[in-house]
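Number of protein chains: 2
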Amino acid sequence: MKIGIIGLGLMGGSFGKTLKRLGGYEVYGYDILETTMLKAEMLGAINGELNVETAKDIDMLIVSLYPSSFLSAVEKFLPVLKQGAIVMDFCGVKRQTTAEMKALLEKYPHLVFIGGHPMAGREFSGIDRSVSTLFEKASMILTNVNADIFVLDKVKNFYLSLGFGEVVITSPEYHDRAVAFTSQLCHIVSNAFIKNEIASEHFGYSAGSYKDLTRVARLNPEMWAELMIMNKDNLSLELDELIDNLKKYGDALKQSDKAELKSLLSEGNERKLMIDSRKK
Amino acid sequence: MKIGIIGLGLMGGSFGKTLKRLGGYEVYGYDILETTMLKAEMLGAINGELNVETAKDIDMLIVSLYPSSFLSAVEKFLPVLKQGAIVMDFCGVKRQTTAEMKALLEKYPHLVFIGGHPMAGREFSGIDRSVSTLFEKASMILTNVNADIFVLDKVKNFYLSLGFGEVVITSPEYHDRAVAFTSQLCHIVSNAFIKNEIASEHFGYSAGSYKDLTRVARLNPEMWAELMIMNKDNLSLELDELIDNLKKYGDALKQSDKAELKSLLSEGNERKLMIDSRKK
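If you read the protein sequences in the order shown, they are chains S and R.
For what it's worth, the numbering used here labels the leading residue of the first sequence as 1, then goes sequentially.
For what it's worth, the numbering used here labels the leading residue of the second sequence as 1, then goes sequentially.
Please keep in mind that the hints were generated in silico from the structure rather than gathered at the bench.
Hints are not guaranteed to be accurate.
[As the list claims (entries may be wrong)] Computed cross-link-like contacts, EDC-like style, restricted to lysine to aspartate or glutamate with a CA-CA straight-line distance of at most 16 Å:
| # | chain 1 | residue 1 | chain 2 | residue 2 |
| --- | --- | --- | --- | --- |
| 1 | R | Lys195 | S | Glu241 |
| 2 | S | Lys247 | R | Glu241 |
| 3 | S | Lys258 | R | Asp233 |
[Said to hold, decoys possible] Part of the chain R face toward chain S, derived, beta carbon under 7 Å:
| # | residue |
| --- | --- |
| 4 | Tyr159 |
| 5 | Phe181 |
| 6 | Ala192 |
| 7 | Pro221 |
| 8 | Leu239 |
| 9 | Lys258 |
| 10 | Leu265 |
| 11 | Asn269 |
Note that the Cβ used here is the ideal one computed from N, Cα and C, for glycine as well.
Based on the provided sequences and hints, a complete structural model is requested.
Below is the structure:
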C-alpha cells in the first residue's frame, strides 16, 4: 500500500514512522520546510518525497496540517490522484475540513474523502518529537464524506492494524462538540492554571496532582488558537459550564459550608467512578 | 529506632510499610478500626499495636489523621512519651495542628513538636491501597514548632533516608498558601471538570490530556472538604484567580479574537517552560 503524507510534524512524522515500523507500506511525504523533509528521510519516516509524480500511485493521502492550510495543501495533488484514492485530513476540528472536502467532491468525484482525527498527541511539536508509538491504543475518529460502507470498513481495519485502540465513526458536529471538552478545554484549563501568581514559587510543594494538571500548559499556541477559534461555539459553552461549576466550590468555601463542599466533591467523585466504570 | 503511627490509612499505612521495607525500625501502629489494625499487621506495615505501654519507648510519634482528630488522638499517648520524643502530624494543612502543638508544648515541654506534610498521595484511600514506595522522590514539608537545629537536621536526614526527594522547612502559613494551589486547587478543578454534561458521553474522544486532568476527580470527599474548609482563605483566593484567568480565554473565544487567544496561550506556554526549567 502506498501512502502520501502532507505535513511531517509531530502527527505526520509519527504516522510515517508507524507505517515504516510495521512494514508493507511505501510512504511518500511532503513538508514545506526543507529541514523537516531531510529529517523525515534520515529518521526513516518516509521512503521519498511526495510530489505530483509519486502522488499518482498512492492509495491514501493524509493531510496532517493546521485546518487553515488543508485546501491549499491538497490543491496540486488532487488532480493527479488515481481513481478511488482516499483523502483524509488529521485536523483536530472537523466541521471546516469536512465541509471543504464536500466542496472538493464536486470537482473530484473519483476520490474518496474522509475526515480523521487521531486522538493522540504530546505536549511537544515537530518531527524531532515524533515517535512510532504515538498512536498505540489511541482512538481514531472518522467523519465520513463519501466513502461507502466497504471502504469505511477497510479504513477502520487499516487504523486498527496500526495499533489504534478503537475507531469511532461520527459526524463532524458531534466530533467538534466532544473534543471541545475532552481536549481543547483541558488545554485551556492547564494553560490558565499555571498563571496563578504562586505557580512560580511552589518548589517542594507539589505532588502528582499538580504535575498532571499542568502537563499540557505547554502547547503550540498558533495551532491551538486556530483550532479553538474554529470551535469557539462549542468550546465557549464547555468553558462557561466549567466556570459555573467552579464557582459553586468557591461559594461553599466563602460560606464555610463544609457540608455543601463535601456534597460537591462527592458528586464529582461519584461521577468519575461512574464514568471510569463504563470504560472498556 | 522505634516509631509509633496513629492512623493506618493510605499515608500511615504506606509510612509503616516504607519503614519496614527499609529495615532497622520497630513500628507500632494504632487505628480506630480493628480491621485496619489486623490488615496492618498482616501486610507487615507494623510490628505491633501502639498503646500506652509500647508508646513509652518510641522515638517518634506520627499522627496520620484528619486535622480535626489530631488533638483527641494524641491525648492519651503524650503523657507516656519519653523525654525528647518527636511528635509529628501528617495533615495536609498545617496552621491548625501546628497551633495545637504550640498549646500542647505548655503541658509537655519535654517533647519535640514538628508539623509535617508528605507531598505524596494517590487517588485512593485506606490501608488496602498503601504502598511502600508512596514517598519515593516526594517532598516532605516540615513546619517546626520547638525542635532545635540539631533535631531538625536529624529529622530531615531521616526523611531523606526513607527515599523522600527533598525536605523543605517552612512556616505553616506559607505551607497552607502553597498547597492551596499545588494540591487543593488541582483537586477542585479536576472534580469540577468532570461535571460538564458531555463528560458522561465522550467515549472514544479522549486522549492523555483528559485522563491527566480528571485523575484526581476521584478523592475522599470527607477528608478534602475538611482540609479545604480549614484553608478556605487561601484556597478561595487561588480559585478566584483561576476563574478570572479562565474568563479571559472565554472572552477571546466569544470575540473570535484569535490574536488575543494565541497571546493567552503563549503566555501560559512560556510560563510553563520557565517554571519547568527551574526545576532541579
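Hints and how they fare:
no.: 1; hint: R:Lys195 - S:Glu241; result: holds (9 Å)
no.: 2; hint: S:Lys247 - R:Glu241; result: holds (12 Å)
no.: 3; hint: S:Lys258 - R:Asp233; result: holds (14 Å)
no.: 4; hint: Tyr159; result: violated (12 Å)
no.: 5; hint: Phe181; result: holds (5 Å)
no.: 6; hint: Ala192; result: holds (4 Å)
no.: 7; hint: Pro221; result: holds (4 Å)
no.: 8; hint: Leu239; result: holds (5 Å)
no.: 9; hint: Lys258; result: holds (5 Å)
no.: 10; hint: Leu265; result: holds (4 Å)
no.: 11; hint: Asn269; result: holds (6 Å)
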